[in-house]
Amino acid sequence: MRTPLSIAWHRKVANWLLLGLCLAALGAAVAVLLAVLGYVTVQGAGGLNLDFLTNTPRPVGDSGGGMANAIVGTLILVGIAVVVGLPVGIGAGIYLAEYGRGRLATVVRFVADVLTGVPSITIGLFAYALLVVPLKSFSAFAGGFALGVIMLPVVTRTTEESVRLVPASLREAALALGVPRWKVIARIALPTALSGIVTGALLAVARVAGETAPLLFTAFGNQFWSWSLRQPIAALPLQIFVYAISPYDDWHRQAWAGSLVLVGLVLLLSIGMRLVVRRQRYGG
Amino acid sequence: MTETTVGRPGRPSPREIRAALGRASTGRRGDAVWAILVGGCAVGILLLVLAITTLMVVESWPAVQRFGFGFIVGQRWDPVGGHFGALPFLYGTVVSSVLALLIGGPVALGSAIALSELVPRQLRGLLSALVELLAAIPSVVYGLWGIFVLAPLLRSAVEPALRTALGFLPLFSGPAYGVGTLAGGLILAIMILPTIAAVSRDALLAVPNDQREAMLALGATHWEMVWGAVVPYARTGILGGFILGLGRALGETMAVTMVIGNRPAISASLFAPSYTLASVIANEFTEATSDLHLAALVEIGLVLLGVAVVVNALARLLIWQIERAGGSAAAGPGRGR
Chain A
1 MRTPLSIAWH RKVANWLLLG LCLAALGAAV AVLLAVLGYV TVQGAGGLNL DFLTNTPRPV
61 GDSGGGMANA IVGTLILVGI AVVVGLPVGI GAGIYLAEYG RGRLATVVRF VADVLTGVPS
121 ITIGLFAYAL LVVPLKSFSA FAGGFALGVI MLPVVTRTTE ESVRLVPASL REAALALGVP
181 RWKVIARIAL PTALSGIVTG ALLAVARVAG ETAPLLFTAF GNQFWSWSLR QPIAALPLQI
241 FVYAISPYDD WHRQAWAGSL VLVGLVLLLS IGMRLVVRRQ RYGG
Chain B
1001 MTETTVGRPG RPSPREIRAA LGRASTGRRG DAVWAILVGG CAVGILLLVL AITTLMVVES
1061 WPAVQRFGFG FIVGQRWDPV GGHFGALPFL YGTVVSSVLA LLIGGPVALG SAIALSELVP
1121 RQLRGLLSAL VELLAAIPSV VYGLWGIFVL APLLRSAVEP ALRTALGFLP LFSGPAYGVG
1181 TLAGGLILAI MILPTIAAVS RDALLAVPND QREAMLALGA THWEMVWGAV VPYARTGILG
1241 GFILGLGRAL GETMAVTMVI GNRPAISASL FAPSYTLASV IANEFTEATS DLHLAALVEI
1301 GLVLLGVAVV VNALARLLIW QIERAGGSAA AGPGRGR
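Each protein sequence line maps, in turn, to chains A and B. For the first sequence, our numbering gives the first residue as 1, with consecutive numbering after it. For the second sequence, our numbering gives the first residue as 1001, with consecutive numbering after it.
If you're looking for bench data, these hints aren't it; they were derived computationally from the structure. No experiment lies behind these values; they were computed from the predicted model shown. Possibly wrong hints are sitting among the right ones.
Now the in silico label distances, taken between C-beta atoms and shown as ranges [said to hold, decoys possible]:
1) A:G272 <-> B:Q1321: 31 to 41 Å
2) B:L1317 <-> A:N55: 47 to 57 Å
3) A:D249 <-> B:L1046: 41 to 51 Å
4) A:D249 <-> B:L1166: 31 to 41 Å
5) A:V13 <-> B:L1102: 23 to 33 Å
6) A:V13 <-> B:V1149: 32 to 42 Å
7) A:L170 <-> B:G1068: 53 to 63 Å
8) B:T1054 <-> A:L170: 34 to 44 Å
Here are some chain A residues the structure puts well away from chain B; computed CB gaps all over 10 Å [what the hints assert, rightly or not]:
9) R58
10) G79
11) V83
12) R101
13) S137
14) P167
15) L170
16) R171
17) E172
18) A176
19) P191
20) W225
Now the stretches of chain A that chain B is said to cover, found in silico as 3 or more residues with beta-carbon under 8 Å [as the list claims (entries may be wrong)]:
21) 147 to 158
22) 248 to 259
23) 262 to 275
We treat Cβ as the ideally placed atom computed from N, Cα and C, and that holds for glycine.
Kindly produce the complete structure, drawing on both the sequences and the hints.
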């Protein structure tokens, strides 16, 4: 005879089967991550050497050479992006956190969120039409500008969130002492929220450092060193793309090595930020 | 100010106090400057989006005028002959993105359920971070991996097996190329997985425990509790995550360009090469010579922008709804993504 509390066997089987599938899905996601990272590490380590990090690309058939100019180019492009995207993003974030109760703020918040989802290649088209066409040349500046536009909404929203987290008591204490509102924001709220803002900025940098699509027809790529912001400049993701779709084994090796450097750079930023954030949250 | 009131012995005269107050800043001017400064930044974002839209409409105008609505339904893309129809790209984009949702969506939802309901609390942060790291890997690296690992695997093992088992369906017929719609859909599935998983996990974590306890008290098994009480409660947020993932898949460029085969033809088979909106811009824009060709490519970008804005707006509205309902419980490391 069945006791009233026993569970029908098919419910037990369904329970274990479906919960098991969920765990398997999680396992699959982590496995894919490890597969991609592992493959990049193994393949990339083979092509990574001092030559790769210090030389410019060689012509086809001439083995050796490296991506030094592309690595530096990516750093320059990200630097321009920071100059373009960070100040406006932080300003807009402060506005949303401190003044953002009206309809304008809701609209800005919404538009910023939608802008986060706009395909990066569309931003590249925009930068092309805005800067490349009038200046009549592909340029580092156009590429950096496109990356800055992509950074902008990310920085805005993370800044808003961190400034919002500043306790109201701090603000009220300062206001009660007669400090003007702008000084309360600049001297009390911003320094308190600084680590959160920096975290957001670095996450945004990590995101744009690996972007390729918006650079195709803005920064364009370059086989040589270039220090002029008005000239085409090499970028690590672009160089990887060109080498990956080429038919040469030697270039494929270099593409893997470049990927290892790029992934290392991006993961260093992402994981580093995560650790900093965690220490703040749990370490008091 | 302090000089007059504190720095001198004895009480200051009323006249001195008035003078000091007159000199003291009320901060009104600073406040105004500050508000204009940060408000300007906020308005700047609106102007930026306006500029993006305007500039793209202007740049694509020759093609819009020339082809009208036929641009979207035209099947022939022949830059040399001056024929520009975007339907093959629209088709490739939609099919690869839907495929990505069908493959990546369930895996992402499963991961989210595992993360919020099954995994011990101590492991949750680590595993969530690992899943989200999938989003940190650059697109071009996925593309490289797709070319040299995924596509050969599909060509030699997966596609022949699918054809043997399901070859009677047109979807799984035809020669196995490796690079093609299936490869594009798979790579996209991997890339949108972390987005869907993170948003769904936050939505599930925001479900109040009463829901779970009530269901268990009714005698439900663990799974029945999850599927009957937790997932339905979080469905708005989960849907938002799926739509956000769809938006990401529609606009993804590099990885897809590298594995989808880049052939502007509509084919019933998932094994056949196809082309997407983003890929054709990436491949042809720098090589386009005629003004009409450039305009047509920008118009494709405009179509892409329109689709992305609609999809993302929808996703945001849904996610905002859940954030408002879930309050601070929805807060987590993945919220900003």
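Now the hints, each set against the structure:
For the hinted restraint 31 to 41 Å between G272 of chain A and Q1321 of chain B, the CB-CB distance of approximately 34 Å keeps it satisfied. Take L1317 of chain B and N55 of chain A: their Cβ atoms lie about 51 Å apart, and the range 47 to 57 Å holds. For the hinted restraint 41 to 51 Å between D249 of chain A and L1046 of chain B, the CB-CB distance of approximately 50 Å keeps it satisfied. A beta carbon spacing of about 36 Å between D249 of chain A and L1166 of chain B agrees with the range 31 to 41 Å that was offered as a hint.
The supplied range of 23 to 33 Å is met by V13 of chain A and L1102 of chain B, whose beta-carbon atoms lie about 26 Å from each other. For the pair V13 of chain A and V1149 of chain B, the beta carbons lie near 36 Å from each other, so the given range of 32 to 42 Å is met. Look at L170 of chain A against G1068 of chain B: about 59 Å separates their beta carbons, and that is inside 53 to 63 Å. For T1054 of chain B and L170 of chain A, the hinted distance range of 34 to 44 Å is satisfied, since their beta carbons lie about 42 Å from each other.
The Cβ of R58 of chain A sits about 20 Å from the closest Cβ of chain B, beyond the 10 Å cut-off, so the non-interface label holds. For G79 of chain A, the requirement that its beta carbon stay farther than 10 Å from each beta carbon of chain B is met, with the minimum near 18 Å. Listed as a non-interface residue, V83 of chain A keeps its Cβ farther than 10 Å from every Cβ of chain B; the least gap is roughly 14 Å. Distance check on R101 of chain A: its Cβ is at least 13 Å (rounded) from any Cβ of chain B, clearing the 10 Å threshold; non-interface status holds.
Every CB of chain B lies more than 10 Å from the CB of S137 of chain A, the least distance being 13 Å, so the non-interface label holds. The claim that P167 of chain A lies off the interface holds: its Cβ sits roughly 14 Å from the closest Cβ of chain B, which is beyond the 10 Å cut-off. Distance to chain B confirms L170 of chain A as a non-interface residue, since its nearest Cβ pair spans about 17 Å, more than 10 Å. Every CB of chain B lies more than 10 Å from the CB of R171 of chain A, the least distance being 14 Å, so the non-interface label holds.
With a least CB separation of 16 Å from chain B, E172 of chain A remains clear of the 10 Å interface cut-off, as annotated. Its beta-carbon lying about 14 Å from the closest one in chain B, A176 of chain A satisfies the requirement of being farther than 10 Å from that chain. No Cβ of chain B approaches the Cβ of P191 of chain A within 10 Å, the least distance being about 16 Å, so the stated non-interface status holds. With a cut of 10 Å on Cβ distances, W225 of chain A stays outside the contact zone with chain B, its closest approach being about 21 Å.
Against chain B, the stretch 147 to 158 of chain A contributes 7 residues with a C-beta closer than 8 Å to a partner C-beta. That satisfies the three-residue criterion, and the hint holds. With 4 residues bearing a CB less than 8 Å from a CB of chain B, the stretch 248 to 259 of chain A meets the requirement of three and the coverage assertion stands. Look at the stretch 262 to 275 of chain A against chain B: 7 of its residues bring a Cβ nearer than 8 Å to a Cβ of that chain, three or more, so the hint holds.
No hint from the list above goes unmet by this structure.
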